[in-house]
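Got chain A sorted already, so can you dock chain B onto it with the hints?
Chains A and B are the protein sequences, given in the same order. If you want the working numbering, it's the position in the first sequence, counting the first as 1, plus 269. If you want the working numbering, it's the position in the second sequence, counting the first as 1, plus 269.
Quick caveat, the hints were computed from the structure, so don't treat them as lab data. Do not take every clue at face value.
Note that identical chains are pooled: a pair holds if it fits in a single copy or bridges any two copies.
[Said to hold, decoys possible] Once the Cα atoms are required to be at most 20 Å apart in a straight line, the calculated PhoX-like pairs of lysine-lysine come out as:
hint: 1; residue 1: Lys380; residue 2: Lys390
hint: 2; residue 1: Lys390; residue 2: Lys377
hint: 3; residue 1: Lys477; residue 2: Lys430
hint: 4; residue 1: Lys476; residue 2: Lys377
hint: 5; residue 1: Lys283; residue 2: Lys402
hint: 6; residue 1: Lys283; residue 2: Lys390
Number of protein chains: 2
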Amino acid sequence: MQSAFTSRRKILRKRMAGRALDALLVTHPANWYYLTGFTGESGALVLDGSGTTLITDGRFTVQARQETSGVRVVLQHGAVMPSAGEFLKGAGGTIGYDASHLTVAEFKAAKQAAGARKVWKDASGLVEGLRTKKDPQELAQMREAASLAVRIVERAARLVKPGVTERELAAEIEYQMRRAGALGPAFETIVAFGERSAFPHARPTAKKLRKNELVVLDLGAILGHYCSDITRTFFCGRAPERIRRWYQGVREAQEAAVAAVRAGVTCGEVDATARRVLSGYRLGHYFVHSTGHGLGLEVHENPRVAKGQTQRLEPGNVITVEPGVYVEGIGGIRIEDDVAVHEQSSEVLTRLTRDLIEL
Amino acid sequence: MQSAFTSRRKILRKRMAGRALDALLVTHPANWYYLTGFTGESGALVLDGSGTTLITDGRFTVQARQETSGVRVVLQHGAVMPSAGEFLKGAGGTIGYDASHLTVAEFKAAKQAAGARKVWKDASGLVEGLRTKKDPQELAQMREAASLAVRIVERAARLVKPGVTERELAAEIEYQMRRAGALGPAFETIVAFGERSAFPHARPTAKKLRKNELVVLDLGAILGHYCSDITRTFFCGRAPERIRRWYQGVREAQEAAVAAVRAGVTCGEVDATARRVLSGYRLGHYFVHSTGHGLGLEVHENPRVAKGQTQRLEPGNVITVEPGVYVEGIGGIRIEDDVAVHEQSSEVLTRLTRDLIEL
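Pulled out of the complex, with its shape left as it was, chain A reads as follows (with noise of 0.2 Å):
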């Protein structure tokens, strides 16, 4: 992986250049992992004339020595932008920040130490659009990160059984991905029965299940520090006719959304899609979010999967594709997969059937 670090650093440099950058202040952490392989929690990382420099402290250096090559480490003293900016005293006179990763407080603190005499450009989003292109070791890594989700997903569904508890289950479901050797989940992971399902981002309680409760999980596992994100919705019990309509509705807006996804079409395209189906089962004003997202070292991305958006799909980006219906005091329906763009195909990494399973 080495090679990796060394090849994105490079076409960074060419991009900093491109912009007239005489050096570049990277303040996220996933980024700090897409560039140098360092996994730590804190520090800053500079690329200028000089190489490539990790700031840290002291809980971080050896680490960082460990996990990096070809980068130069230096122990921060005191707060973390403090040392940056000093550091970046010695740099060009042209400094890209990001203002997306980087508190109004932190940056004021680094243009301080930094001194007056410097240009500082907003930059953000350099790293993340060389990030949305992912090379075959990363696809080859996420569809791994996706096979886990999927098997995590079929072992929980033997659980759904009336007296289960939300965070019962959203237990076994972290204990078997970390067992599987996932890093954990991706994001906390989401178990719905019955009217909670109505929340698209509900914390699983100690509610217990109940028969004919909709049943939703939404789960991910980080795997080789890449994250896979997959929804399934359950019936306990034989759903009403009403409910099987809803699910028919979401899963053709689904399976629509997913076939739309390929190389060129805006993402806009893809989020319209999955509305027009909904609109046609008259369900629309139930989707109350954004059709998906990209998917990576992170679990929220670009390219964003909503109404508007005029991004096109290019080979290499992974999304998710996650249409629902949310229907306050009944409960939610949603289904979601992981769709990776190829120059001439796309491809779901998470196989796995979307019939409504009635447990």
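Same frame as chain A, but now just chain B:
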């Protein structure tokens, strides 16, 4: 709990008046919960002359209405900061914002939407200042979170056997937490064996425990929204003389620092107490981080217990005390407890032996 949220907002409004703020834009989720009970992950909270308003997207509006009382819930249109800025157009002229929990890009978006006639004042730390003083209900909840962490360490100790991997042990720990009712771990559980224990923030790996290795467990649970944080160090086998001496140094440093915790003492003095003891053991330069941190809704809060901190401890503060020594190539030792500050005394919340346990 509703009345607790309401009274916190009342105190906050007094502080706002003291700083001549017409409105306050609260952008940190832990602060939303503290002030309203809302547990969603995206939105913006505004306190102004018209009342308390939570602006959030369609994933969280139903939940926001259920979780809060005396709070107007407004559906955001588009991204959250333009929505919040748009709402603030109608507020008074001076707006407090949180420079520590607002990115440069978000701040720019909010300012643009609110219009040029507003004065923006950095009010970072205003809510956090209230949060450092836990009320009796909060302390009761933190005692429970701490007791849970203690039980988990006791159980985990039984699983410390040659052949177990760091990752398996971490998975068991987090599983047991959730089975016991925790929302989840308060931070990524640290399980580090042998040389890896020299990394204060080691991530669990596939490394198997071997005889004659140190074992550092650093874990915490979120229970009823509040965090605990405890560390114990074991030895697999019979510890050699050198390890025993290091352990004794860390233990004495930790016990001396815990004994130094009382209302009126500066945080810097608590930190210095630990350092003095370790220096007496000639271990001072192996202690590479600060002695502790505040604990509450978040695992890292104010006050910071670090070198030179002049902030004085107050009744209601809860801090960790966690000195350690880290020797590259050999291993690390850390002992950590959570300590509450009362009027005339202090209270260790994580009541568990500090003897060196050989397993």
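Each hint, compared with the structure:
{"no.": "1", "hint": "Lys380 / Lys390", "verdict": "both (12 Å within a copy, 19 Å between copies)"}
{"no.": "2", "hint": "Lys390 / Lys377", "verdict": "both (14 Å within a copy, 14 Å between copies)"}
{"no.": "3", "hint": "Lys477 / Lys430", "verdict": "within (9 Å within a copy, 36 Å between copies)"}
{"no.": "4", "hint": "Lys476 / Lys377", "verdict": "neither (46 Å within a copy, 42 Å between copies)"}
{"no.": "5", "hint": "Lys283 / Lys402", "verdict": "within (16 Å within a copy, 50 Å between copies)"}
{"no.": "6", "hint": "Lys283 / Lys390", "verdict": "within (16 Å within a copy, 39 Å between copies)"}
Figure legend: structure checked against the earlier numbered hints; the only hint not met is number 4.
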